[in-house]
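Novice: Residues per chain, in single letters:
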Amino acid sequence: MEILLAIMIAALTGCGVYLILRLRTFPVVLGLTLLSYAVNLFLFSMGRLLENAPAVIGASELHADPLPQALVLTAIVIGFAMTAFLMALALRAWGEFGSDHIDGRTDELDPEQRP
Amino acid sequence: MMAHMIILPVLLPLFAGLLILLEWRQRIWLRRLISLAATAALLPLAGYLWLQAAGGEIGVYHLGDWAPPFGIVLVLDQLAALMLLVTALLALPVCLQACRGEDKNGANFQALFQFQLLGINGAFLTGDLFNLFVFFEVLLIASYALLMHGQGAERARAGVHYVVLNLTGSSLFLFGLGLIYAATGTLNMADVTRVLMEGRLVSPLLLQIGGALLLLVFALKAALLPFCFWLPGAYAAASAPVAALFAIMTKVGLYAIWRLWPLLFGHEASPLNSLVTPWLWPLALLTLAFAALGVLSATRLATLAAWLVLMSVGSLMAVLTLATEQAWAAGLYYLVHSTLAAAALFLLVGLISAQRGLLADQLKAGNDLPPSLAVLFLILAVVLVGLPPLSGFIGKMMLLQATPDAIFWILLLLASLLSLIAFSRAGSTVFWRQQKDAFAERMAVADLIPLLLLLLCTLVMVLLAGPLAEAARGIAVQLLDSQGYVDAVLGSGRALP
Amino acid sequence: MLSTALIIGFFMVGTALMLGGWRILIGPTLPDRILALDTLYINSIALIVLFGIHAGTSLYFEAALLIALIGFVSTVAVAKYLLRGDIIE
Amino acid sequence: MTMATEVLVSFLILTGATFTLIGSIGLVRLRDFYTRLHGPTKATTLGVGSIILASLVFFTAKAGVLSVHELLITLFLFITAPVSAHLLAKAAMHRQEKKVKNTRGEPWQQ
Amino acid sequence: MKRFWPSPLLSLAMWCLWLLLANDFSAGQMVLGIFFAWLIPLLTEPFWLDRPRVRKPWKLLSFLLLVHRDILVANLAVAKLILSPPSKLRPAFVEVPLDIRNDFVITILASVVSLTPGTVSADVSQDRTVLLVHGLDVADIPAMIATIKQRYEAPLKEIYGC
Amino acid sequence: MLFAMVALPLLGALLPRLVQPLGRRSVAVAAALPALLAFLLLASAAPAVIGEGAVWKASLPWLPQAGLALAFRLDGLAWLFALLILGIGLLVILYGHYYLDKRDPGGRFFSFLLLFMAAMLGVVTADNLLLLVVFWELTSISSFLLIGYWSDQSAARKGARMALTLTGAGGLALLAGVILIGQTVGSYDLGTVLESGDRIRADSLYPLMLSLVLFGVFTKSAQFPFQFWLPHAMSAPTPVSAYLHSATMVKAGVFLLARLYPALAGTDLWFVLVSSAGLATLLFGAWMALFRHDLKGLLAYSTISHLGLITLLFGLNTSLAAVAAVFHIINHATFKASLFMAAGIIDHETGTRDIRRLGGLRRYLPVTAVLATVASMAMAGVPLLNGFLSKEMFFAVATETSLYGSLHWLVPILAVLAGGLSVAYSLRFVHDVFFGEVPPALAAHHPHEPPYFMRAPVEVLVVLCLLVGIFPAVFVGPLLAAAASATLNGSLPEYSLAIWHGFNLPLLMSVVALFGGILLYRFRTPLFALQRSWPRPSAPQVFEHCLQNMIGAAGAVVKWIDNGALQRYVAWLLLPVALMMLAAIASMPDWLGERALTPVDGLAVLAAVLAVVSAVATVLLRRRRLIALLMISVVGLVVSLVFLRLSAPDLALTQLAVEVVTVLLLMLAMYFLPTRGTIESSSWDVSRDLFLSISIGAGMGLLALFAMTHPGDTISAFFIDNSVPGGGGKNVVNVILVDFRGFDTLGEITVLAIAAAGIYALLENLGLCLPLYDPDGRRWARERHPLVLRVISQAVLPIALLVAMYILLRGHNLPGGGFIAGLVTAVALVLQYVANGVHWVHARVPNNYHPLVASGVLLSALTGLASLLFDHPFLTSTFSHLHWPLVGEFELASAMLFDLGVYLTVVGATLLILARLGKLSVVEHEESY
Ligand code: NA
Ligand code: NA
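Protein chains in written order, with my numbering: chain U, 515 to 629; chain R, -1 to 495; chain F, 22 to 110; chain B, 65 to 174; chain X, 391 to 552; chain P, 5 to 933.
Please keep in mind that the hints were generated in silico from the structure rather than gathered at the bench. There could be a bad hint or two in this list.
As the list claims (entries may be wrong) - With a straight-line cut-off of 20 Å between C-alpha atoms, the simulated SDA-like cross-links for lysine to any residue are:
hint	chain 1	residue 1	chain 2	residue 2
1	X	K470	B	W172
2	B	K165	X	A403
3	R	K362	P	P51
4	P	K734	U	M515
5	R	K362	P	K61
6	R	K102	R	R25
7	B	K162	X	K470
8	R	K362	P	N553
9	R	K362	P	E548
10	B	K126	U	G572
11	P	K61	P	P51
12	B	K162	F	H75
13	P	K563	U	G572
14	B	K126	F	H75
Let the hints inform the model, and build the full structure from the sequences given.
Specialist: Right, here's the structure in full:
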């Protein structure tokens, strides 16, 4: 299971990083989303894995490390807030210079796509 | 009750911001009142905390009454107190300036301003790594919004760059935290150090990578080359009060490095010690050089100011890596000076742009300007270039004395020469090359008050240079004593249930 | 016996998931992909419940409940986007 | 847990899983979107439904007290699933997705 | 009365739902359930369109049973269809004229049609007079229309008396 | 008293500016007053300092840590210079009052002048090297302001900038040198430094120190090759030129030579550097002076030349030469200042300073003519005038110098040549201006003698020239002795101040120089031709040109490093990560640790495959954005299933809920954004990105594997043990969130609140045009709100609320909690927006969610604050189990209240964000919040 999780983390991180390095705002947003999935899994895995051992007293005799879970929860919320802000910012940028290029370059943009 | 004073620098802005958001009838005067009151209250509070810390005893506050390393702690040592004080000193004038009308150019300014302070103060106080992350996010999201305050294409562009970079940074921060937790099994800064000292690391590798990632993120926040490219654009694009407030932002990154240097990065028991230290020195010098070139090539006053911020980052990072008492003392003095001076310059640039209409702060001949602005510009130039007798010179002098390195000397001196050239060009262009026909608007004295407050601070820094340097020395000594920190934080924990 | 049934069940639902994933990948039409995603959600409800039985705990029940309750919202949103572009108007 | 309940639970599980699978098979196998749209309803109704029943029986038998909250899942699905199908159909018609030749009747203009 | 307790039936439903959720029929949960059963209808009242009162509750129960039976049967039928070669399918878009006019009831009808495998309600005409249904394998269109109207629309009409 | 002497002009600098409204006269008085007082103080010190050779000291601590102190000393040398500064300063003020035009802002002028005066006094009286540097730089600044006084003239601005740049650079070098000296000596106290000359000279860094200090000196005193800034500083008003560029500032350099003579002089390096610079300057200045047509230009170059002479003298390394140098400082100050003022008078009366336009002025200004003639004779070194004496001394030491090895004869020869040149240009100054015939244009101008008090200063100085020249021993003897001994730190050589030393080599040289000079002047025309044939680049142009190139280059470098492309910034940020990862992979001891792997089954593999494939598909299909969105939500679904599988139900629930909201969010944005991207990245970019993403991905994966298989003890045991007894909850994760680490959660919901408020502000008055067609060019569907959706969404709302309440309440003991509950509620409400539109919803709920958000965070914060009332730290939780009849046992925990706050915040923030985005398409005017 650890190996599978590691592979997932690797894949999500890699894809996320690649997308962050794109030139348009939307792929970048997707990239950050993917990366935050990867981060969450990674952070979670730092508590080591346990099956059928939720950190609920009385539900099982073994308990998975609850701390990373709590951290991941916080991370998810913050990540959501950040994604929302970036998305809004992308809209603002699109409105400001009629291009969804991350550097606001308006060239190579077919006219009817301008707002 | 006095014990709870430590939490107030966090709670004050928090509640102020919330009250402003709660104020649904959108009465601008009421919001300003709340914001000003809270910001003003920070000053005596920070002063009190400074006096508390100045004794040399480290104050520890157990949130939720949970003893460290299990609960989150706030730690008030002299460094934290100093940073709080600087923030308060900076915040009040900036808030005043914003209340002169800038805050009307967009929604929620005052609330966001308070939240920004919340994040900054929290970052300075916390003794917990993950909590540090949380406060970083608080101050970042607030800064994103503040940067965009007033909107416009330039801000949008700078905003996208700033936000995307920092979001990436936040992800790296989390990766790093995870690795540090995996390596040490704890999140409390002091506890991490204790684990280090007791050699209970799961694996040095995990800590190395984790710590290095953290350092990278802090370097991004502090704007060290090659992670500094977001800075000039962002600072130049931001509206004057925001840019002035941002003068402390890079210092937050520096603070984080500084805080963790004795505990983690530079600790002799740390596997990071040999790994990261060699990198910072050259990068710091490169940053200094790069910033100097930027200062010379600036075509706008705001850009010039932004590059100067970067310049201070370079010098500070350099002395930081020396990790000697003298170097850190000099660095701390310089940190305070550079923060306040840069903020003052940003405010002044705002005033100048307001006077010059479309020309704004571009380095082109414009209309006649009120002599008061010229005088202030001259004084600020002297401060920032590091000419005697003002704080810049003293800071520069202390840096030189503390740094036995030829390259650093050459770069620092060249940097100040280049900024001297840049300032003389800028000043003679903006204030001397004037079309006589155009007339100057009347300058309301009230507009100058915030700026004068900041200048007063730098002046005090000159007059009380001796005592201040002594205090800085004290901070450096306390900071270098990592054992003392660990004992103070973990030793004073109540008996565990 | 129960465990055998569970294993077979897991296998079947898993295959169902795969098929859904396949449909998302190949499309061909956008509605197809959306439909496949919706199916994926529903199949995962089945999976979660099965897993609950397998683990002998009802701690995972809320997850299934949540998907059943709000999982359709994203499908609706995307469909509305295809219809009107503007999902909140 | 008695043999009978175990048999019952296993049966329900298999039924549910089967119909879930068939639903997805339909999703892959059928020719056009409109017919594929029918596939998932299996999964929604009988598929999930009987697995829910399995869980209900299982936990009731396990704990000895009646455990019926599983029913809510089906309830919610019955409320929400038709909307998804409805809107997807509308979307497909709006986009004039092609239908198999032998379809009688015409989709509506949206 | 209406202001403080807008919809008794909804409240009842809420209460049952709560007990189901809690999966625990203790006194505490019942009290808590009553609280929410009162509160939530009060909060959500403004969101409700005109909801017809249920005239014949017992009819409703039998109708539900009928629907479930049909679902079961249809599932088996459609399962066979799916596994048989697709070319043998006889799909069709069927326009079912509606007698009921109430939005709520029409929605229930549409949902029932969609839930019974083999038919998906694809659209409702703007004037609420026609329900467009897509059948997976329709042998005889008029027959299908009749079935829908008699098996589902009629009982609904009776239950809600509209 | 020393403090007073420096402080008076410093504080007095404000005076003129303040009294400006009271008229020009009062301005002049206000300026003169502080100077006069300071002068009197100085005079009062004369008996002690000059008479008994005492040294007055005064000191205050300033920055002991850095060795900086407010320490002053007044010895002979300081006194001499103070005398020049204050004495000539006073005269200049008097003169300037008449010189300045009515329209010129006199207040500003005199303020700067006094500021400069104070700075100079500081330089000469400083007893602490660092303090000396402080004042040194101040002189640069104030001279910058004075030179640029007529700021509307481009020449003035350029000249000022050039002067500031050079002297500023010099100042920085000086600072460096001084710090080096201080660190070698271990003190910045002047006395100590002067005592420890041997240690300094012995130090390995001595050459560096010396060159740094000398760089400062040469730039300040306009020594070759840094002489070029001085002539262009002449664009300053004449009083300034007279004061700064003849008497004082340029003397600061030579003063420093004198001051540090005991500490630095006496080595070959010193000799080579100082004397050769001096010699070169001496000749170059004299030569250039001869060809100036501008009176002030001529004087400026002659000043350069004389400074060179002084420097040369100091460079000769003999104490006699040093004495000569000091003596010449005195003399030069007097005659040069008077000449400058004379030039100013001429300019003032004739309106020109161009020698070619002048002539025969003796008819119009006879008195001035006489004064100027005498002064220039002094400059030329004619006997019976002070210039003659010091020149004699100079010749004397020049003949005796044994340095330059075999070339020792070179010095006297060149000395004579320079002497001749100075005679020539002095002659030119006098003859071309006051004699010969009057140019008609000039005659038309009707020049006449200036007001008496404008001429008086000149008279005073000229008289001094004569007195010193005739009775040196009386008038200058003691002063020279005191100053020289101070310079040499005690030991005075044997020298005599007499006009007549009998027939000797120096006298011969003087005569040769005198007649040679006259001949030079007589046959100057070929020389002018020769001079004109040489290229004469104007210094400011060259300087500006270099500066522009420098700035251009700097800009280019900056642009090259920072090309303004975010892609590169991010790459820079990620590059270290990638390298770290590669290093880690390379150095990784054992990927699989001792911890046993948890068993794998088909389902897990399947999920992993689904996730990986979908992630890759997201990347590949990113340009078809809707599909990419669907793909990424598959990833999200799988991730939450993984959480579920690995015993993290809370995470699974949260992930699922967030997933839905995120999709809504992206859909809202996608409506406006272009839905198809274009291919832009170059292949190099792509390969770079591939390298980064692959290495970082692989690294993170392997690190995760490494960490997962290497167990270590963590602090978590504490949470599990104390969750129920300490936190009163069975769901440890939730207890951590609301209790153990409630502070994090408070920050987290604050982030959410800030994001909401920020997004609200961000999207304010953002006008986006609404696409009329979908990406495939199809018109949008007609029906806005499908019936079925509307009805069902209404049915879902109460159910969702109920479920939310259920999840909220159970959160403390079972998976759930405020955040998930909040999202469920928010989703149900957003569904109302989707199904019925903004107007419909806002007719039913308050459409301003700010207060809701705020009250949520406020509730949580106040819950935490409550504990302060019981003097427990912020966020200290409490809980108790109540028992009610009929209801039975149930728990009340402050944490629940906290969680309620979380719930409200999440609902408010999510609605605020999504509704705001939704409203973008709804045309309506609403006031800014
Ligand atoms: Na793209
Ligand atoms: Na909208």
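Novice: Does each hint hold? Answer for all of them.
Specialist: Here is how each hint holds up against the structure:
1. X:K470 / B:W172: violated (29 Å)
2. B:K165 / X:A403: Not satisfied, since the Cα-Cα distance of roughly 46 Å exceeds 20 Å.
3. R:K362 / P:P51: Violated - the C-alpha atoms of P51 (chain P) and K362 (chain R) are around 56 Å apart, more than 20 Å.
4. P:K734 / U:M515: Violated. K734 (chain P) to M515 (chain U) sits at ~27 Å, over the 20 Å cutoff.
5. R:K362 / P:K61: violated (49 Å)
6. R:K102 / R:R25: holds (11 Å)
7. B:K162 / X:K470: Given pair K162 (chain B), K470 (chain X) is violated - Cα atoms ~24 Å apart, limit 20 Å.
8. R:K362 / P:N553: Status holds; Cα separation ~18 Å.
9. R:K362 / P:E548: holds (16 Å)
10. B:K126 / U:G572: Cα-Cα ~16 Å, so holds.
11. P:K61 / P:P51: Answer holds: K61 (chain P) to P51 (chain P) is near 15 Å, not above 20 Å.
12. B:K162 / F:H75: violated (43 Å)
13. P:K563 / U:G572: violated (63 Å)
14. B:K126 / F:H75: holds (12 Å)
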